[in-house]
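Protein chains in written order, with the numbering used here: chain A, 1 to 283; chain B, 1 to 395.
Keep in mind that the hints were calculated from the coordinates and are not lab data.
A hint or two may mislead.
[To be verified] Restricting the straight-line Cα-Cα distance to at most 20 Å, the calculated cross-link-like pairs of lysine to aspartate or glutamate (DMTMM-like) are:
id, chain 1, residue 1, chain 2, residue 2
1, B, Lys230, B, Asp199
2, B, Lys213, B, Asp184
3, A, Lys106, B, Asp172
4, B, Lys123, B, Glu102
5, B, Lys308, B, Asp345
6, B, Lys28, A, Glu209
[To be verified] Partial list, derived from the structure: chain A residues whose beta carbon lies under 10 Å from chain B:
id, residue
7, Arg68
8, Leu128
9, Ala183
10, Gln206
11, Val208
12, Phe220
13, Pro222
14, Lys276
15, Leu279
16, Val280
17, Phe281
18, Phe282
In this text the structure is predicted, and so the values were computed from the model without any measurement.
All C-beta atoms in this analysis are idealised placements derived from N, C-alpha and C, irrespective of residue type, glycine included.
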Amino acid sequence: MSDRGLTAAAAIRPPLPEPQAIGISSLLSSAKRRFSHFFEWFGSLGVFSWQVLKAAITPPYEWRELIRQFDEVGSRSLPLVALAGAAIGIVISLEARYSLSRFGAKSMFPATLVYSVIQVMGPVITGLVVSGRVGAGIGAELASMKVTEQIDAIEASAINPYRLLAATRVLACILMLPLLTLAADACALLTGWFAQALVEQLSFRQFVESGFRGATFNAFLPPTFKTAVYGLIIGIIACFQGMRTRGGAAGVGRAATNSVVLASLFLILADVVLVKFILVFFP
Amino acid sequence: MSRLARLGAFIVGTLAILAVGVFVIGSKEYLFRSTYQLNAQFDNVAGLAIGADVQVGGVHSGTVRSIALPHTPGGKVTVVMDLDRSTHEIIKHDSLASIETEGVLGSQFVAISFGSADQAEVKDGDMIQSEPPLIMADLFKKANSILNSSQRVIDNTTLATAHLNSVSAKIDSGQGTVGALVNDKQLYSNLKQTTTTLDATVLEAQAGVTAFKENMEALKHNFLLSGYFKKRGYEDSASLGANKIGSLPLNAPIKTFSYTIKQIFDSQDTAKLTNEKTLKAVGDFLERTQFGVAVIVVASGMQGDSQKELTLTEARAMVIRAYLVDNFGFDDTLLKTLGMGKQIDASLDADWGSIRIIIYPAGTILPVDNAPLAASSSAPKIDKPLQMPVVTPKP
Chain A
1 MSDRGLTAAA AIRPPLPEPQ AIGISSLLSS AKRRFSHFFE WFGSLGVFSW
51 QVLKAAITPP YEWRELIRQF DEVGSRSLPL VALAGAAIGI VISLEARYSL
101 SRFGAKSMFP ATLVYSVIQV MGPVITGLVV SGRVGAGIGA ELASMKVTEQ
151 IDAIEASAIN PYRLLAATRV LACILMLPLL TLAADACALL TGWFAQALVE
201 QLSFRQFVES GFRGATFNAF LPPTFKTAVY GLIIGIIACF QGMRTRGGAA
251 GVGRAATNSV VLASLFLILA DVVLVKFILV FFP
Chain B
1 MSRLARLGAF IVGTLAILAV GVFVIGSKEY LFRSTYQLNA QFDNVAGLAI
51 GADVQVGGVH SGTVRSIALP HTPGGKVTVV MDLDRSTHEI IKHDSLASIE
101 TEGVLGSQFV AISFGSADQA EVKDGDMIQS EPPLIMADLF KKANSILNSS
151 QRVIDNTTLA TAHLNSVSAK IDSGQGTVGA LVNDKQLYSN LKQTTTTLDA
201 TVLEAQAGVT AFKENMEALK HNFLLSGYFK KRGYEDSASL GANKIGSLPL
251 NAPIKTFSYT IKQIFDSQDT AKLTNEKTLK AVGDFLERTQ FGVAVIVVAS
301 GMQGDSQKEL TLTEARAMVI RAYLVDNFGF DDTLLKTLGM GKQIDASLDA
351 DWGSIRIIIY PAGTILPVDN APLAASSSAP KIDKPLQMPV VTPKP
C-alpha cells in the first residue's frame, strides 16, 4: 500500500483523540462519561417513545402513509421471511430426525418440528429477518431525511414528523410482524414435512395429526402474537436512531447499522422476558 | 399489482394461516365440537396433566379440562373431562374411569370403559366411578415385597424338603409306625382279612333288615294291631298317592256320579267303607263303558286340621278306588284319585264331605302338574312297590 493510500485512509478517519497521560482520574472520568451516555440514550428513547405514542393516538391520522408502511413492512418482507422460514423448516427437520432416531423417539418427530417452529424458531427468525430488512431501511431512510433537513421541512409545514414518519412505521411493524410470523411458521412446517416425506413415508394428514396432538392455543397464539412486541422494538429503535442522526453520509450509515444491531439485540433480550412471561401467564 | 392489492393479498393469506392453525388446534382441544363434561375422583392422579387425552375404548374422544385438589385432607382429586358428544351412547353410569400410561414411561391419559346396555345414560356434569391408577413406584415396591416373601417361601421349602427326605429315608428302612406299615407284609394280609369279614357282616345286616320288614307287615295283620288299621280304613300311608293326579282334565266328562261321605263312609274321621254297595252303579258303568280316564274326587267340610283332612280325603279316594278295582273288571290304570282336602261349602259340613266320580271319554290327556304332588302329605311313591293294602270287606 502506498503513502497516498495511507494518508487517504487517515483523512477519512475521524481525528484520533490526543494521546493522554494514562491515570486513574482519566479512566474514571471516561467511565463516567460512557455511563452518562448510556443513560442519556435510554432517557432520549423514553422521551421519543412518548412523543410517538402521543402523536399516534391523537388525530389527524396519516392513513395513506400507514398503508404505504404496511406494504413496505408486511407484503414486501414476505418473500424474505417465507424463504427464511422454509430454510429453518428443512434445517430443523434434518437435525431433529437425526437426533430423535438416536434416542429411538422418531415417532415424536412431527411434534418436535411443530413445537420448535411455532414456539421458538418461527417468531425469532421472523423478528431477526425483519429487523435486518425493515430496521435498516427505516434507520437509513429517516437518517437521510434528517441529514438533508427534510424532517425540518416537514416540521416547518406544520406537520408533526412523529405522526407522519415515526408513528406510522412503528404501528406497521407492530401489526405486520405477527402476520409475517404466521407465514414463516406455515412455510417452515411445509418444508419440514416435505424434507421428512422425502426420506420416509409420512402423509401430510398423519404429520398434522401427530404433530398437533395435545397442542393447545397457549402453545400457538402467545408465541405468535408476542412478535408484536418485537415489531414495537424494531420500529421504535429504528425510528429513534434515524431521527437523532447527525453528521452527513457517515451518520446515515451509522444510523442504519445501529438500528439493526440494537433492534436485534433488544429483540432477543425481550424474548427472554417474554418466554418467561408466557410460561407464567399462559401455562 | 397495485400496492393495496398486494397488501390485501398478504393480509388475507396470513390470516388464513391463522385460521387454519386455530382450527387444527381447536379440533384437538374439542373447542368447536359438541361436548359434554364428566367428572371422576381419584386418590392420586399419578401426574395426569390438564389437556391430557381421554380415551373411550382406546379411541381419543376428549381431553382433561381441569384437575382440582380436594378442600379437605380426606377428599379426592377431581378430574373434569370434556368428552365428544358421540361417546354419549357408550358411556353409562357404570362406566369406569382409570388413569393409564402410554407405554411404560409415556404420558398419562384417562381411559373410560364402555357401560352396560341396561344402565342409565350419563348426563352433562355427572360423576362416574374410577379405579386407582397403577403407579410404577408402588408396583416396584410390591414386586420387591413379593420377591422378599418368595425368598422366604423358597427357604422354607428347602427346609421342608430336607425333613421329608429324612422321613422317607426312615420309612424306607422300616423305622416307626409308617415304616412298619409299609414294610410289614403281615399287616397287609390282616387288613385284607378284616375287609372280607366286614363284607360278610354287611350282607347279614341286609338280610336282617328284610326279615324285620316282613315281621312288621305280619304285625299289621296281627289281631292286636289289625283293629287300628281296620278302623282307619287303610294300612299303608306311603301308597296314598300311588294313583293321585294334580288336577282334573280339561275335557268335558261323559258321566259324573256324586255321593256324600255320610252315604259311604263309617264316620267323619276315618276312611272305612260301610255302604260300599252304593258304588255298584259306578262299577257297572265302568265295566260297560270304554272310557279314557276316571277320577275319584273327594272333598271334606271345613271341620278339622287342613293337613289331616287332606290326607283323609286322599285316603278315602284311594279306598274307593281299591274297592272298585277289586270288585269290577276294567283297566285299573285309568282310574285316578284326587283328594281335595277342605273345601268351603255349607252342605259339605253337613254331609262330612262329597265324593264325585267323574268319567272322561277316550283320548283324554291328564294335565301335567306336579305342584299338588309336592304338597301332598303322603310320602314319595315312585319307587315303592305297588301294594294292595286296603282293607275292604267283600261285598
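Now the hints, each set against the structure:
1. B:Lys230 - B:Asp199: Measuring from Cα to Cα gives roughly 42 Å; hence the hint is violated.
2. B:Lys213 - B:Asp184: 45 Å, violated
3. A:Lys106 - B:Asp172: Answer violated: Lys106 (chain A) to Asp172 (chain B) is near 68 Å, above 20 Å.
4. B:Lys123 - B:Glu102: Given pair Lys123 (chain B), Glu102 (chain B) is violated - Cα atoms ~29 Å apart, limit 20 Å.
5. B:Lys308 - B:Asp345: Given pair Lys308 (chain B), Asp345 (chain B) holds - Cα atoms ~18 Å apart, limit 20 Å.
6. B:Lys28 - A:Glu209: Within the cut-off at roughly 9 Å; holds.
7. Arg68: At 7 Å from the nearest chain B Cβ, Arg68 (chain A) passes the 10 Å test, so the hint holds.
8. Leu128: 18 Å, violated
9. Ala183: 5 Å, holds
10. Gln206: 13 Å, violated
11. Val208: Holds, because the Cβ-Cβ distance from Val208 (chain A) to chain B comes to roughly 6 Å (cut-off 10 Å).
12. Phe220: Phe220 (chain A) check passes; min Cβ-Cβ to chain B is 5 Å, inside 10 Å.
13. Pro222: 12 Å, violated
14. Lys276: 20 Å, violated
15. Leu279: 15 Å, violated
16. Val280: Since chain B brings no Cβ nearer than about 16 Å to Val280 (chain A), farther than 10 Å, the hint is violated.
17. Phe281: Hint violated; Phe281 (chain A) Cβ to chain B Cβ min 15 Å, cut 10 Å.
18. Phe282: 12 Å, violated
The structure fails hints 1, 2, 3, 4, 8, 10, 13, 14, 15, 16, 17 and 18 (numbered hints given earlier, in ascending order).
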